[in-house]
Amino acid sequence: MITCEGLTKTFGSITAIQDFTLEIPDGCIFGLLGPNGSGKTTTMRMLSCLIQPTSGKALIDSYDIHDKTDAQKIRGMIGLLPEVPGLYETLGAYKNLDFYGQFYGVPKQKRDESIKRTLTNLGLWDRRNEPVGGFSKGMKQKIAIARALTHDPKYIFLDEPTASLDPAAAKLVREYILELKKRGNTILINTHNLSEAERICDTVALLKNKIVKVGHPKELARGLFARTISITLQKIPSSLLPEISSLRYISEAQVNGNQLILRIRNPEENNPQVITWLIQKGLQVQFVSEEEYSLEDVYLKLIEEEGQ
Amino acid sequence: MHWRNAWIVMRKDLAEFRKQKLVIGSIVAMPIILGVIFPLATFVPIITMIPQGESWDVPGLLELGSLPDDFIVPWTNQTIAESSFTEVVLHHKTLKNVNLSNCIIISCILEDVIVINSTIQNSSLERTYLENVTVVRSEGRELDGRYILSVSSNLLFIRTKPSEINQVLPMMFNMMLMIFIIVPATLPTIIAPYSIVGEKNNRSLEPLLATPTTDGELLAGKIFSSFVPSMGSTLLAFALGVVLLDVILLPQVNYPLMPNLTWILSVVLLAPTTCLMSVLACVLVSSKVSDVRAAQQLGGFVVMPMVVLMIGVLSGFLFLSPLMVLVFAGLYGCLDLGLFYFVKAVFNREKILTTWK
Numbered sequence: 001m002i003t004c005e006g007l008t009k010t011f012g013s014i015t016a017i018q019d020f021t022l023e024i025p026d027g028c029i030f031g032l033l034g035p036n037g038s039g040k041t042t043t044m045r046m047l048s049c050l051i052q053p054t055s056g057k058a059l060i061d062s063y064d065i066h067d068k069t070d071a072q073k074i075r076g077m078i079g080l081l082p083e084v085p086g087l088y089e090t091l092g093a094y095k096n097l098d099f100y101g102q103f104y105g106v107p108k109q110k111r112d113e114s115i116k117r118t119l120t121n122l123g124l125w126d127r128r129n130e131p132v133g134g135f136s137k138g139m140k141q142k143i144a145i146a147r148a149l150t151h152d153p154k155y156i157f158l159d160e161p162t163a164s165l166d167p168a169a170a171k172l173v174r175e176y177i178l179e180l181k182k183r184g185n186t187i188l189i190n191t192h193n194l195s196e197a198e199r200i201c202d203t204v205a206l207l208k209n210k211i212v213k214v215g216h217p218k219e220l221a222r223g224l225f226a227r228t229i230s231i232t233l234q235k236i237p238s239s240l241l242p243e244i245s246s247l248r249y250i251s252e253a254q255v256n257g258n259q260l261i262l263r264i265r266n267p268e269e270n271n272p273q274v275i276t277w278l279i280q281k282g283l284q285v286q287f288v289s290e291e292e293y294s295l296e297d298v299y300l301k302l303i304e305e306e307g308q
Numbered sequence: 001m002h003w004r005n006a007w008i009v010m011r012k013d014l015a016e017f018r019k020q021k022l023v024i025g026s027i028v029a030m031p032i033i034l035g036v037i038f039p040l041a042t043f044v045p046i047i048t049m050i051p052q053g054e055s056w057d058v059p060g061l062l063e064l065g066s067l068p069d070d071f072i073v074p075w076t077n078q079t080i081a082e083s084s085f086t087e088v089v090l091h092h093k094t095l096k097n098v099n100l101s102n103c104i105i106i107s108c109i110l111e112d113v114i115v116i117n118s119t120i121q122n123s124s125l126e127r128t129y130l131e132n133v134t135v136v137r138s139e140g141r142e143l144d145g146r147y148i149l150s151v152s153s154n155l156l157f158i159r160t161k162p163s164e165i166n167q168v169l170p171m172m173f174n175m176m177l178m179i180f181i182i183v184p185a186t187l188p189t190i191i192a193p194y195s196i197v198g199e200k201n202n203r204s205l206e207p208l209l210a211t212p213t214t215d216g217e218l219l220a221g222k223i224f225s226s227f228v229p230s231m232g233s234t235l236l237a238f239a240l241g242v243v244l245l246d247v248i249l250l251p252q253v254n255y256p257l258m259p260n261l262t263w264i265l266s267v268v269l270l271a272p273t274t275c276l277m278s279v280l281a282c283v284l285v286s287s288k289v290s291d292v293r294a295a296q297q298l299g300g301f302v303v304m305p306m307v308v309l310m311i312g313v314l315s316g317f318l319f320l321s322p323l324m325v326l327v328f329a330g331l332y333g334c335l336d337l338g339l340f341y342f343v344k345a346v347f348n349r350e351k352i353l354t355t356w357k
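Quick note, the sequences are listed as chains A and E, same order. Our numbering numbers the first residue of the first sequence as 1 and each following residue consecutively. Our numbering numbers the first residue of the second sequence as 1 and each following residue consecutively.
Chain E on its own, in the form it takes in the complex:
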């Protein structure tokens, strides 16, 4: 396959998009609505509803479960013995000269945490997730990253003291993350259904097929020309959303909360594979129906699996942890590859030329 030919097709399609103000409008409006208006409309009212002094008075320490009664912030020069930590999340924290002895640490998240000159001894770390944790001159035979990481998947997310409002926030984060998965799945349904049937409708398919380009090159070009603006718009929505979220939450947490690893993996791996799946499904539809409107109608159905995923996440049935994101991205990537070969196999230029009117 000559990628140069796919590149030419993509450049032509993008040049055509630039002339279509409605398409451009849809692609630009989506990130503005979802990346800007959504956080403003949801997070700002919730933040203002949190009573002053509740939960946010412990910057950086996010807790869902219980902390020992003698626990004092910051975690410096402390000795904690025979305490129990359950479902504690530490984010961007430095543990210095902290001695934990005979403690039980269960279902905790330590993310971007540096442990310096600390001792964790005779403590049991169960189902605890350590990410980017640097242990400097610390002791603790249980602190085995591989072991700990391997049992990290059944942790719940975050945060704060269990007020009703604070319990809503994790769901809000998840919902916002899902937007960055839904956007790249939805945008191709505006562009991609037109890809093949649009060329046929415009009567430009015959001269295009008369060039030395192959089916694979033509389809790859068509796929990229829908993928690039969709992902571009998604990344724009992501950047706007993350910046705005951090601006909204910064006064409460004192450090940029997002993007965390889950969000980064989602936008780098899960969003592109989801987008590609949507594009491929739309291109398949476009190469099989002879009417643009039918292609757009059917193209709308391809987001249904993503909606199911969203419902799963919002209902609490699915939790998007880094591992879960990797699993889904890998699964979608494999499906994308299979779908591409399927689209190529069923693309029948003769049928399109001779039977479509």
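Isolated chain A (complex conformation):
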């Protein structure tokens, strides 16, 4: 488990992240979302023991990131994918991975197996000996992901893992991340890709130099927006809107063509009442659906609110 308490990092007069307090339970995929300069990478670097926090503390499996001896142990438990792949371009993919595997004391045979498995999963085994300098951005990114996994770390920190990947490769990586979760790894992801975070993250934290909101993407949307029901009718009479607006459980009503859009406090309880009411009025109901708010909507709304 990762426990952070008041983690703060300043660079001179600039505060990169302030009072970062949360718990990341084992075996989950946790997303850090935020605009550029919101402190995502700084937070990840602090948790990777690459930089020291200005104040606050963080424990990873009871190891303190402030302690030098603990920091070495923490680095041994983490697989980090930085923003830029940072591979040794004159060396092949295999040598790049083997070099890192040696630092973690992985025995040669196990290292070979791990490298073969990861490169095969990412579709790069056949090109393992080619200098990576000639590879595309996406392929380099895949190798960098493989590098973070060579020593089979418990914690995997991924900074923009699908950036610069084509849609097929991004899907492959997302599936791989979900597979790692199944294996019991704890994964921390920095991302701008909101639909990706929505698809794979159990919990997300929206950052803007501090934690703005934490929760499951869907819960965040529910907490932020009133739930909206869209009812498609065969025909909407002009008198319907003022009448339905006067119902006590409807907070807002709009008409869009033959669609009636209603904001309802408790759809599970009130939807049947609305439908019954409409049928009693002699109207023909064709479709009923709930409007979904995406993480993008949540993100934009929260970031906008923070800016105000």
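Since the hints were made in silico from the structure, they are not lab data. Glycine included, every Cβ here is placed at the ideal spot set by N, Cα and C. Don't take each hint at face value.
[What the hints assert, rightly or not] Non-contacting residues of chain A with respect to chain E, defined by C-beta distances greater than 12 Å in every case (computed):
no., residue
1, 73
2, 88
3, 144
4, 151
5, 170
6, 237
7, 255
8, 256
[What the hints assert, rightly or not] In silico contact screen, one side only, chain E against chain A (beta carbon under 7 Å); selected entries:
no., residue
9, 8
10, 12
11, 16
12, 206
13, 207
14, 209
15, 212
16, 213
17, 215
18, 294
19, 297
20, 353
Based on the hints, put chain E in the right spot on chain A.
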């Protein structure tokens, strides 16, 4: 400190070097130029300029000063009395059945000399240097190795009858020896400035620092990865140079002249400590500047102290005797140790990661 981690860093760096043809070219070209071309270009013309029969007609006996008039080569079955030997150098000689009596031996070098059944009596040995001298059943209360060795430092080097050309040769030997000190000081300036700033430039420093390796292990690995090829190249230059020099000079002296003790001590002790100092200075520069070109420019300055040493030797102000080599090697070794701890102390991974662009 886990040396295994330093070893891993070094192996990775060396694997990268092998792929960089220009770096390999520079490292290989240096010993060829200095170890082969330099002796060919300097010693061969000088040897051919020495008139036949001059000085080299006394194989193995190298003289800078004066010999007694009655001195006859070889030194066997001779009795020499009341003679004076000044600044005589004996090299690879056997003194057999030689009786020296009432002689004055001043400022001489006896190197790899065996004294058998000889008597040195009532003779005075002053400021005389004996190295690897075996005295077998000889007499002479003045022949006290410790005493003699302790006053050996103010001797001049070698050789031959004082013709102009022959006076140049000692300087040539010294100059060639200095090459084997300059090479290991210069080669790291090609490799080492890249060590830290190159990783940062390549964006590979962050994943490297995220491994469980410590600052000391990372720096040690970086130091070794510059030290090993630099010293390897130096040893190659030395081997080539020595073999070639002996081949050139063998017809004149009849035995392999080099390497002597000074040269061996220089390449075993002085060259590595000099190389290490250069590497450490370059790694320090590399960890403090954010641009590879700046690191290479500044790295070039680290050889300046070695150039000063070279000027000192060539001007005759400094003479590289075995004792002098030991003193310099010890001094450089201590400086290397201090410099390593300094480099480690000022290495700031957070600053490198967050402020270098």
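Are all C-beta atoms of chain E more than 12 Å from that of residue 88(A)? Non-interface label on residue 88(A) violated, nearest chain E Cβ at 6 Å vs cutoff 12 Å.
Please check whether residue 209(E) passes as an interface residue: C-beta within 7 Å of a C-beta belonging to chain A. With Cβ-Cβ at 6 Å, under 7 Å, it holds.
Let me know if the C-beta of residue 294(E) comes in closer than 7 Å to any C-beta of chain A, holds or violated. violated, 21 Å
Could you check that no beta carbon of chain E comes within 12 Å of the beta carbon of residue 255(A)? Check passes; 55 Å lies beyond 12 Å.
Residue 212(E) as an interface hint toward chain A, with CB separation required under 7 Å: holds, 4 Å
Residue 213(E) was flagged as interface toward chain A. Is the shortest Cβ-Cβ separation under 7 Å? At 6 Å from the nearest chain A Cβ, residue 213(E) passes the 7 Å test, so the hint holds.
Would you check whether the claim that residue 256(A) is not at the interface survives, using Cβ distances to chain E and the 12 Å cut-off? It holds; residue 256(A) is separated from chain E by about 50 Å at its closest Cβ, greater than 12 Å.
Determine whether the non-interface label on residue 170(A) survives the test: each CB of chain E must be over 12 Å from its CB. At about 21 Å from chain E, residue 170(A) clears the 12 Å cut-off, so the statement holds.
Hint check: is the beta carbon of residue 297(E) less than 7 Å from a beta carbon of chain A? violated, 24 Å
Per the CB criterion, is residue 8(E) less than 7 Å away from chain A? holds, 5 Å
Would you check whether the claim that residue 144(A) is not at the interface survives, using Cβ distances to chain E and the 12 Å cut-off? At about 8 Å from chain E, residue 144(A) fails to clear the 12 Å cut-off, so the statement is violated.
Should the interface hint for residue 16(E) be scored as holding, given a Cβ-Cβ cut-off of 7 Å against chain A? holds, 6 Å
When each numbered hint is compared with the structure, violations occur for hints 1, 2, 3, 4, 17, 18 and 19.
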